[in-house]
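Asker: What follows is the residue order along each chain.
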Amino acid sequence: MSDPILEVRGVVKKFGALRALDGVDLEIPRGKITLLIGPNGSGKTTLMNVISGVYTPDEGRVILDGEDITGLMPHERFRKGLVRNFQIPRLFSGLTVLENTAFARYGNPGEGVVSGVLKKKWIGFEEETIRRSVRMITFTKIRHLWDKKPSELSGGQMKLLEVSRSLMPDNPKIILMDEPTAGVNPTLAHEIFQRIKQIKEERGITFLIVEHRLDIAVGYVDYAYAMAFGKVVAHGEPEEVLTHPKVIESYLGG
Amino acid sequence: MEFLIFSDTWLILLIAYIITTISLNLEAGYTGIPNFGKAVFVFMGAWAAQGIGIRLAAWIVEKQDPALAQEALEFLKNHLGQDYPSLVAAAADTDANRIVANQYIYPFLQDHPMIVAMLFIAIVLIAVGLAAIMGLIASYAALRLREEYLAILLLSFSELMVMVIFRQTESLNGGPKGLWAVKFAADNRVFAIIFGLVVVVLVYLYAEKLAHSPMGRAMRAVRDDEIAAGVYGRDVAGIRLKVIIVSSIIASLAGLVYIEANLAAQSLSFDRVYWTFFPWAFLILGGMANNKGAVLGVIVFMVLRRMIDYGLPQLAAGHSALIQMAAAYLSNILVGIIILLVLYFRPQGILPEKPSKTLDFGEILKQEEA
Ligand SMILES: Nc1ncnc2c1ncn2[C@@H]1O[C@H](COP(=O)(O)OP(=O)(O)OP(=O)(O)O)[C@@H](O)[C@H]1O
Ligand SMILES: [Mg+2]
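Chains A and B are the protein sequences, given in the same order.
All residue numbers for the first sequence refer to my numbering, where the first residue is 1 and numbers rise by one.
All residue numbers for the second sequence refer to my numbering, where the first residue is 255 and numbers rise by one.
One thing to keep in mind: the hints can contain errors.
As the list claims (entries may be wrong) - Below, in silico cross-link-like pairs of lysine to any residue (SDA-like), each with a Cα-Cα straight-line distance of 25 Å or less:
hint, chain 1, residue 1, chain 2, residue 2
1, A, Lys149, B, Ile481
2, B, Lys611, A, Val218
3, A, Lys149, B, Arg398
4, A, Lys119, B, Leu459
5, A, Lys120, B, Arg398
6, A, Lys14, B, Ile481
7, A, Lys14, B, Arg398
8, A, Lys120, B, Glu617
9, A, Lys197, A, Thr96
10, B, Lys546, A, Val218
11, A, Lys200, A, Val218
12, B, Lys608, A, Gly155
13, A, Lys120, B, Leu456
14, B, Lys608, A, Lys14
Calculated from the structure, these hints are not laboratory results.
Bear in mind that the values here come from a model prediction, so they are computed numbers and not experimental data.
From just these sequences and the hints, can you work out the full model?
Answerer: Structure representation (structure tokens):
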């Protein structure tokens, strides 16, 4: 593939004796939506954790837009344009829905121990951030919960908050989403994928999306990867990958 | 000075504790940094006025009034049989410190208000600078360690500095006895109360503003889930570093207030029970991540303790010595029981954490609706 935005080369990640990732190679096409599928436990989330720097791989490299980011901390990768969300929501329990969303926009000039108390320095940025957050949670249909803490949300609402957060950052190159529509009703799930497609088209942002609800996702994605037992078993056009014998076998076997 | 059963000594301790607890709240309450080494940061404020400040003052006397310095050295030679090379050396020596401070430095300072003002500014800056450096050293670990290890590391760090280095090394702060500190006003207690109250107001306003700022939000995010905070671009180590440094600076001011009120204090006064565990108890009692709670926790605790300390001996008076002694110890136990009761019935403290909004979110929501 010419000029992928994200490359994963020979990544191995072991948990004790288990090789959760067993030599994974990926090339994620720029400006496209790539679907990542695979049975439970095949290593999709582990791969997201390695790409975003939450886990350090035992072997292999991660390359973002031509730059090797394998040694970088998660926050450094974010600042290079790599955004992700979490399959199992990791929300800030002391912040409200609106604040959780607002926090996901990085670059607030008021995030300093001196600048924080100088309201003039940050009020403009903050107001814009809050407005955007309000619009975001309006879209994800959790606006009525804006003042609630995560502990007061249902599982589906938490996922919607995860989605809201991952769409907040200013200029990402790529957004990794781990099952963004799990537990979300089909109508809203379609709306989320439409929105993702729109963001891709309007802003040229690349998406890598793990999704089990293939019936919903397949209409929106441009490319697909399939994993099984920590290895990539197929990649290519979504229809090809979904009907690939090895992929079918892995699902039936698992 | 006594009003009802509350003394000025009590009031000064209350003020110093409020400052310390607000500072601990920034770390532990808002950012989730388990600072069990508060004592050393408080102590830096005292050291600035004691071991460092008294040398600085002696040096100024030597420069400004060599005759007076000479007279002091003569006096020490005759009365202590000690030959000090300079007033600075004498001021920092445990044998001569008391005489030099009380008979020469204090009277000199009283006659030179401009020098006192400059010395005061210098010592505040030294306190703040030392605390910042200590904070930097402590954070070096804070950036890398998991919470439970960090708590133990900070506790050990504080113990090592205060209990081992400062108590064993006489040249630093007079060893176990401590040194007499610089005195900034004829009535140092009134001075300490006024200075302390000014610091309390400023520090409280600062902490409240910070809590209601994007920084306050980032601190709570780091506390709640450092991985998610990192994934969303925040340098978790950097945020902790900044908070520890600012909190250490604030804590040093508590030490400065305390030492100004007492002038002479042993290095032992700054031990983990009074300057680490007590502030933790106040904070847990009052409510973590709530500045009002932090202040209220100190007040409730200190008032209760004072009432018990005052009331029990009255009840025990006239009884045997054993009962009187038991009454004195009982106060600690009673305070402990009260804290346990509060924690049992109100685990989030008297005033639990509240959302601290940066702006009027409700208003923005209404505008966006239109
Ligand atoms: N932190 C961990 N420690 C030990 N084992 C782990 C850890 N994280 C994942 N695993 C194991 O690694 C394997 C891959 O898990 P992973 O979560 O990546 O799968 P997945 O493809 O995301 O599955 P799902 O579709 O259920 O989300 C599983 O066997 C899992 O039990
Ligand atoms: Mg997963």
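Asker: Against this structure, judge whether each hint is valid.
Answerer: Outcome of the hint check:
no.	hint	verdict
1	A/Lys149 with B/Ile481	holds (19 Å)
2	B/Lys611 with A/Val218	violated (41 Å)
3	A/Lys149 with B/Arg398	violated (29 Å)
4	A/Lys119 with B/Leu459	holds (13 Å)
5	A/Lys120 with B/Arg398	violated (34 Å)
6	A/Lys14 with B/Ile481	holds (20 Å)
7	A/Lys14 with B/Arg398	holds (23 Å)
8	A/Lys120 with B/Glu617	holds (19 Å)
9	A/Lys197 with A/Thr96	violated (28 Å)
10	B/Lys546 with A/Val218	violated (53 Å)
11	A/Lys200 with A/Val218	holds (16 Å)
12	B/Lys608 with A/Gly155	holds (24 Å)
13	A/Lys120 with B/Leu456	holds (19 Å)
14	B/Lys608 with A/Lys14	violated (42 Å)
In this structure, the hints that do not hold are numbers 2, 3, 5, 9, 10, 14, in rising order.
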